[in-house]
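Student: Chains V and L, in that order, are what the protein sequence lines are. For the first sequence, the working numbering puts the final residue at 270, and the numbers step up evenly by one. For the second sequence, the working numbering puts the final residue at 303, and the numbers step up evenly by one.
Treat the hints with care, as some may be off.
Facing chain L, from chain V, some residues (calculated, C-beta under 7 Å) [said to hold, decoys possible]: (1) Asp91; (2) Ser92; (3) Met100; (4) Gly111; (5) Ser112; (6) Gln115; (7) Val119; (8) Asn121; (9) Gly122; (10) Met123; (11) Ala126; (12) Gln149; (13) Ala153; (14) Thr156.
Just so you know, these hints were derived from the structure itself, not from any lab. All C-beta atoms in this analysis are idealised placements derived from N, C-alpha and C, irrespective of residue type, glycine included.
For reference, the chains in residue letters:
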Amino acid sequence: MKITKVEALEKRANRIRQDIITSIYYAKSGHPGGSLSIADILSVLYFNEMNINPLKPDDKSRDRFILSKGHSAPALYAVLAEKEYFSREDLVTLRHIDSPFQGHPDMNKVPGVDMTTGSLGQGLSVANGMAMASKMDRMGYRVYCLLGDGELEEGQIWEAAMTSSKYKLDNLCVIVDANELQLIGKTDEVKGLYPESIEAKFQSFGFNTMMIDGHNIEEIMKAFENAEMTKEKPTAIIAKTIKGKGISFMENNPAWHGKALNDEEYKKALEELNSND
Amino acid sequence: MEEDKKIATRESFGKALCELKDENIIVLDADLNSATKTEYFKEKYPKQYIELGIAEADMLGTAAGLATCGKIPFATTFAVFATGRCYDQIRTSIAYPNLNVKICGTHGGITVGEDGATHQMLEDINLMRGLPNMVVISPSDDVQTKSLVKEIAKYKGPVYLRLARYATPEIYANDVEFEIGKGIQLGDGIDATVFSTGVTVSEALKAQEELLKEGVDIRVVDIHTIKPIDKELIVKCAKETSILLSVEDHNVIGGLGTAIADVLAEEYPKKLIKLGINDCFGKSGKAEDLMEYFKIDSKAIVEILKEKLYINNNSK
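Turn these sequences into a full structure, and let the hints steer you where they fit.
Tutor: Structure follows, in structure tokens:
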């Protein structure tokens, strides 16, 4: 049976979700909610968008990806395994002593991880530096930076946003994982952040902006195309997502920001995901 | 020591940057280029210069990103903002990933002078030496600063370079070269060793001259690299001299004195007298007056050594 590109990317996203759940289950700790919300975005980035080669993870001309919300590391490890940077079986060592898969991504331990992250708010500045280097060296590579919506409460993001636009970094694409939840509750209630207010902020900082459904593969693909066509301006894609997406009892529940699944929950979660296969 | 030719290490730094020929060198500024002296580099190599505005955290993150792509960024601002305001950015985005970023903090210490406590960084050596992977350098004069700027550009890994606003005498001849991690012993005196770094090296040398007039022969050790510190030289001096003293324009907690005490405790237990800022904040005033007030000048060194050597201070 032939499947479309969109269906293939959906299947990959589903496998990424299975690996997220499995690795966190075996780690007995981790952040499932915000990892599940970015699975579709990562599937499109790594399998349709970025110019990368798992055989040459240090290639100077490769596109770069920064997971600024580093606590969603299980999703990054899962997509890198799916892309065959390393074996999928290794993912169960997540967060164990001697494992390369640290609780937050370490660029010196895992091939394919372009930047070490963990303390929120720092990734966009780093992405700017990479995008500037690309332009200085006329290498043409693009830089993708995934931010959490709660993360936008960090002031450094807005220092960096001024820089992205001042230097017209049109090779930079920011994706905001707008799942509208942070550890303690709704981003709107905590700091007045919701998809429309976020888009307005990036627009006023000089970004080309778009609001999309962050679980709709076609919309994600089109948004990246639009970003590539945009000149003289950085792009910010506000991706409306659901925290815990794909697992019924986790969806939109902030309690699943940072806890592992027990045996029964793991079984149920896998059943739900397997039914999509 | 050439008393009449005084120059601040920030000035030497600004000039040294212009001598670096590598086109991968990128100088980053956060709205202070006339004070940090990176304006010279901007003039000479505008394409290798990036202005970030008043946004130090963003500057250090940008530097980290540039470093991942093979650039050699020199991120420059005042010591207080570089290390204090941006400690977490340095820790997560530079030191932990071990990126090749040179963090350059001018205006270290109370010798900043009139700007007062908020701008007188007295805790930066402590903060930076506590970070794994970080090299900490604090040069003492023009020649040494220029030589070490070249060395750190060649060295691969994160470096904190502490520079001063206060103009100090030239100490070394033009052809002296310096190596990261290798301290410099000045004189062979056996009555005492005065360990010093940055602006206090010339004070220690003045004290050496003064004391010699009274028949006291001390040696001065210039610890330009606080991490990795020259253990061998410290132990050698501890074995060869009776009194050990450290003097620094930094809090006595966590600075040069502490770094030396760490070595002594493990390698050659011996008492160390620590001169520095005694766990308090600075204040406004002229640099010279502040050095006297906080007892880190040559006078303070002479006084304490005479006391320890049982020489009557009133005997003149």
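Student: If a hint holds in the structure, say so; if it doesn't, say that too.
Tutor: Hint check results:
no.: 1; hint: Asp91; result: 18 Å, violated
no.: 2; hint: Ser92; result: 17 Å, violated
no.: 3; hint: Met100; result: 5 Å, holds
no.: 4; hint: Gly111; result: 6 Å, holds
no.: 5; hint: Ser112; result: 4 Å, holds
no.: 6; hint: Gln115; result: 5 Å, holds
no.: 7; hint: Val119; result: 4 Å, holds
no.: 8; hint: Asn121; result: 5 Å, holds
no.: 9; hint: Gly122; result: 2 Å, holds
no.: 10; hint: Met123; result: 4 Å, holds
no.: 11; hint: Ala126; result: 4 Å, holds
no.: 12; hint: Gln149; result: 5 Å, holds
no.: 13; hint: Ala153; result: 5 Å, holds
no.: 14; hint: Thr156; result: 6 Å, holds
Comparing the model with each earlier hint shows violations of hints 1, 2; every other hint is respected.
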